[in-house]
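Construct the complete structure from the given sequences, taking the supplied hints into account.
Respectively, the protein sequence lines represent chains Y and F.
Note that this note's numbering gives residue 305 to position 305 of the first sequence, counting from 1, and the numbers run on in steps of one.
Note that this note's numbering gives residue 1182 to position 182 of the second sequence, counting from 1, and the numbers run on in steps of one.
Calculated directly from the structure, the hints in this document are not laboratory data.
Some hints could be false.
Within a straight-line C-alpha distance of at most 25 Å, the following computed SDA-like cross-link-like pairs (lysine to any residue) qualify [what the hints assert, rightly or not]:
id, chain 1, residue 1, chain 2, residue 2
1, Y, Lys17, F, Leu1096
2, Y, Lys17, F, Val1136
3, F, Lys1122, F, Lys1193
4, Y, Lys18, F, Leu1112
5, Y, Lys20, F, Leu1143
6, Y, Lys3, F, Tyr1099
7, F, Lys1216, Y, Asp386
8, Y, Lys18, F, Gln1142
9, Y, Lys17, F, Asp1115
10, F, Lys1206, F, Gly1146
11, Y, Lys18, F, Glu1114
12, F, Lys1120, Y, Ala12
13, Y, Lys3, F, Lys1120
14, Y, Lys20, F, Val1140
15, Y, Lys17, F, Arg1135
16, Y, Lys3, F, Asp1113
17, Y, Lys202, Y, Asn233
18, Y, Lys20, F, Pro1097
19, Y, Lys20, F, Asn1138
20, F, Lys1128, F, Gln1091
21, F, Lys1131, F, Gln1142
22, Y, Lys20, F, Thr1100
23, F, Lys1120, Y, His10
24, Y, Lys18, F, Arg1135
25, F, Lys1162, Y, Asp386
26, Y, Lys18, F, Asn1138
27, Y, Lys17, F, Gln1142
28, Y, Lys3, F, Lys1162
29, Y, Lys20, F, Tyr1099
30, Y, Lys18, F, Thr1100
31, F, Lys1120, Y, Cys15
32, Y, Lys3, F, Pro1161
33, F, Lys1128, F, Arg1203
34, Y, Lys17, F, Lys1120
35, Y, Lys17, F, Tyr1099
36, F, Lys1162, F, Thr1213
37, Y, Lys18, F, Lys1120
38, Y, Lys18, F, Asp1115
39, Y, Lys18, Y, Ile28
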Amino acid sequence: MLKRHRNFFHYALDCLKKYKTRTFVVLIAFTIAISMLSSILFLKDGLEREAELSVSLAPDITVSYLQGGRVLLLPSSYIDKASEIKGVVRALPRIWGYDGKGLNTYTVRGLDLSGVEVDYGFSNLVKKGRFLVPEDAGTGSIVIGELLAGVLKVDVGDTMILLSESIEANRFTVVGIFSSETTIYTADLIVMPIDDARKFFKIPEGYVTDMIIYTDPEVPVDNVAAELSTMPNARVLTKDILLRGYKAAYGGRGGFLVTFWVILLSAVALVCFSQATIVGRESMFEVGLLKTFGFTTLDIIEIRLIESLILGVFSASLGMVIGIVYDIWFKAGIFAQSLLGWAFLPAEFHMPVYVSFPSVFSLYAVTVLPLLFATTVPAWLNAITDPELAMRRAAA
Amino acid sequence: MIETMNLTKIYNPGTPREVVAARDVNIRIDDGTITILRGPSGSGKTTVLSMIGLILTPSSGRILIDGENVTRYSDYWKALYRRMNVGFIFQHINLLPGYTAMENVLIPLLCLDEDVLNYKNKALELFKRLKITERVGNLVQQLSGGEQQRVALVRALVRDPKIILADEPTVFVDEETARIVFEMFGELRDQGKTVVVSTHDPRLIKIADRVYTMEKGTVVREQEA
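Below you can see the structure in the form of structure tokens.
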């Protein structure tokens, strides 16, 4: 039996060579469509993975202060109250915000370093230098993202001046640089002691931006969150809620683009179908003749299936490679802004690309299945016709 | 033995383009004989030949092979029957363009569970006998009509089928090749093969065991040698 299938495989290859125009048109059309679709999917997967990594570093719960639906500064007294809730291991104040213009846009995060045994998960992310220690309080020490360090051209040990919103010059010393593993999370990040951040943003004493909560692993986070929600004006976000938010943002934007490209892919499938029809007369004759020689309908369909599989798998693979190259070397050009939406992207920014099995599987499926349909259905219709009639019609 | 009983084929039935290509055709083809279907163009010879070869389903009537009515057998069964037993030579030659002469001979063998290259020597022998050896590597569209007809002959015979159905096999070939074709058909009969030929060629009629003359889709005369 194997020799017969091998014979069909060789014949299918010959057919691809023989119908050069159809093969070329289908190959180009699918490769272009798949390269764009794979660019979006791999980028979306990368962003979602980044979000997961970022959230894994986040505290169990974040509490901010809401008034009239707007986020305001949180009174420091909330921290003491939160510490008393069952299941709360540690409640820490945090001051953060955005600053800068153009290429110097960055996120400043001020952390409470007293009792830094809770290191906020940052120490593992430091690529060069070190993370902050309690002794850094008031010294102007900072740890910055690798991307920002590149943009500002600073290294460990360098001093830099940042202008605050009130246009005051603040001098800082870089003691560490984060790795680029979690690009989006740390790319534009500056971490400093909380008092330095308070001074930088001019946040009054007795207030912080929000507080972060670390919980007892034996107490369900949702129970602790529910308890914290009873505090007046408290907006409570757990890790899960944050992750869902990120995924909804990237997934939604990605979904829009994917829909667009899937529609385009359908158009490509129609092109393939019309190509199959263009060569239909010749193909009809060929099918009739093969059946005369004793090929069964299943044999004919098998040959066309092999043809479609070779063409589909090849164009999908090529398209995916181009998609990855486009994402990595060309930074996803037109798709990056659409997917990130809010982000300012300096030239040095490397888009997070992740090739996941479900995406690869989907890409092969959306290529091969329409192609199988577009080529095997006409072949099947010819194959179930009397061979003599098929040849006669083809000759007519 | 192949027999047909009231075999009828109507194209486009019930439409203004209805054509009765064959009506109530009754013929008998014994094993190891040469049977000729003769008659003017449009008399239904090709249609009957196609129905006997099971590549065209009759509108009515029966085809018996060794006494078994195979008319309504499945498409799959008919394909396997053709694969194992029948070699076709078509009036319009029907070679696959874009392939060489040798490839055209080997393509029908792809559906066998064998290495097709095993048949290459046999094909070369036949090519040699038909004096076309030097053209085996040429694309068929580069061959003359006579050469294409010879390639079609090789294609039909390379598998050594039990039944050879030939539709005007000498119409495009020269005198010498026609003589070789007659010889080959005679040899095939001597080997116990069954040859059914649709032809106008009186020389072939001379070597036939039985001749059916057709007119307007019906058999009007039957002659035995």
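Against the earlier hints, flag every one the structure doesn't satisfy and list their numbers going up.
-> none
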